[in-house]
Structures are given as structure tokens and as C-alpha cells.
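S.K.: The lines below spell out each chain.
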Amino acid sequence: QVQLQQSGAELVKPGSSVKISCKASGYTFTSYDMHWIKQQPGNGLEWIGWIYPGNGNTKYNQKFNGKATLTADKSSSTAYMQLSSLTSEDSAVYFCARRKRGGFAYWGQGTLVTVSS
Amino acid sequence: DIQMTQSPASLSASLGETVTIECLASEDIYSNLAWYQQKPGKSPQLLIYYANSLNDGVPSRFSGSGSGTQYSLKINSLQSEDVSIYFCQQNYDSPWTFGGGTKLELK
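Top line first, the protein sequences correspond to chains R and X.
Position one of the first sequence corresponds to residue 1 (this note's numbering), numbered consecutively onward.
Position one of the second sequence corresponds to residue 1 (this note's numbering), numbered consecutively onward.
Among these hints, one or two may not hold up.
In the DSS-like style, the derived pairs of lysine-lysine whose C-alpha atoms are separated by at most 27 Å in a straight line are [what the hints assert, rightly or not]: (1) R:LYS100 to X:LYS74; (2) X:LYS42 to R:LYS19; (3) R:LYS23 to X:LYS74; (4) R:LYS19 to R:LYS59; (5) X:LYS74 to R:LYS13.
Since the hints were derived computationally from the structure, they do not count as laboratory data.
This one's a predicted model, so the numbers in the text were calculated from it and none came from an experiment.
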């Protein structure tokens, strides 16, 4: 079965960067886009972008250009998202997700990023 | 960007009741609409895709309908486990966008 296992919670300082991971199993990692989605407390969901691990192609929500960088390691079936120049506005839960048919059918458990001095 | 407006923002209903949640897109999304259920501290779960197709394992009391810019999620015979937040999401054009969510509680 498809599983997406994300890395643990992070407490980081303003101005720093953080890299979170999403390890995929149960399917061919290189054949499906991996998406990343942000959820702030009490707020809705924002799509950040996707990466196609087969060739490394990426597409970003313009809002996250310069903030998020998506990469993937085919050898370990792991997708990564680096967030840079962190501010309090980046404090959120971040999900990786994979599409199936017309929606995000598979989700990681979420990674909480807290930006605080 | 396509804006997705959900209503109501919150809803209180009794067990066994039928509830409907609406989602309005700022432009035609040609039925490229998904619905998700999210329980506290959990990831969203896909309920409906392409506006009216039930995802695997989702109870048949959930149904979706709509076209163009107007869509709805209906829950028949409300159960206690349906207490959640529900989101709509358009898959028609990038950036994919979500509605603000509807919090469903028991009366």
C-alpha cells in the first residue's frame, strides 16, 4: 500500500532554513508527482508545488517562489522540501501528498515547523 | 488564481440528518473538484474526486454534485464519525487552490 512517511517536527530560528523529508513506499516513486501543501493553524490549505522524481521537474505556486525548494532522491525514494529565510508566517504543518485520479489520495502525516527565537 | 469559496464556514447538525456543503469557484473548473475530510491532528482524506466520484472506501452516504462554478457535498444520515472539517479543492488550473473549510459539529 502507498505510504508517505514524513520527518519529525522542527523548531527553527527566524532567518534560518529547514529541510523536511517525505519517504515514499508501496509504489514506483519515479512515476508520480509529489506535491507539498501548507496548513497554518486555524487556516486552510495552500498548495506549494510539485516535483516529478523521474526527471526532477518542478512546478511552484508563484507565492512560494524563493521560499520553497523541492528535490527528490530516487535512490531512497525520498522527496525533500527546503524552506528558506524563515519567518513566523512559515510556522505551519507541511504535508507531502500524491495524486490519484482527480485528487490528493495519499498524504504524509504532516511535519510541524515552528519558527521562533 | 482560482478562488474557492465554501459555505457555510461552520455547521451544526443532528445525528441522522442530511447536510450539504457548498463550494463556489471564481471561474469554470469543468468538474475538476475534489472534497476532503480532515479530523483534528490528522491529514486530509480524499472523499470525492471529479465532482461526483466516490473515492475507494468512502461510505456511500457521501455524495458530490455540481458543474461549472457551483459544487456541493452532501452527507446523508449524519454519523458521529462525520464530525470533521471539510475542504473543497480545484484541480483544473495551477496553482491548485482549496476552499476555506467547513467545520461540521453535532447539535
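S.K.: Quick check: which numbered hints come out false for this structure?
M.R.: 3 and 5
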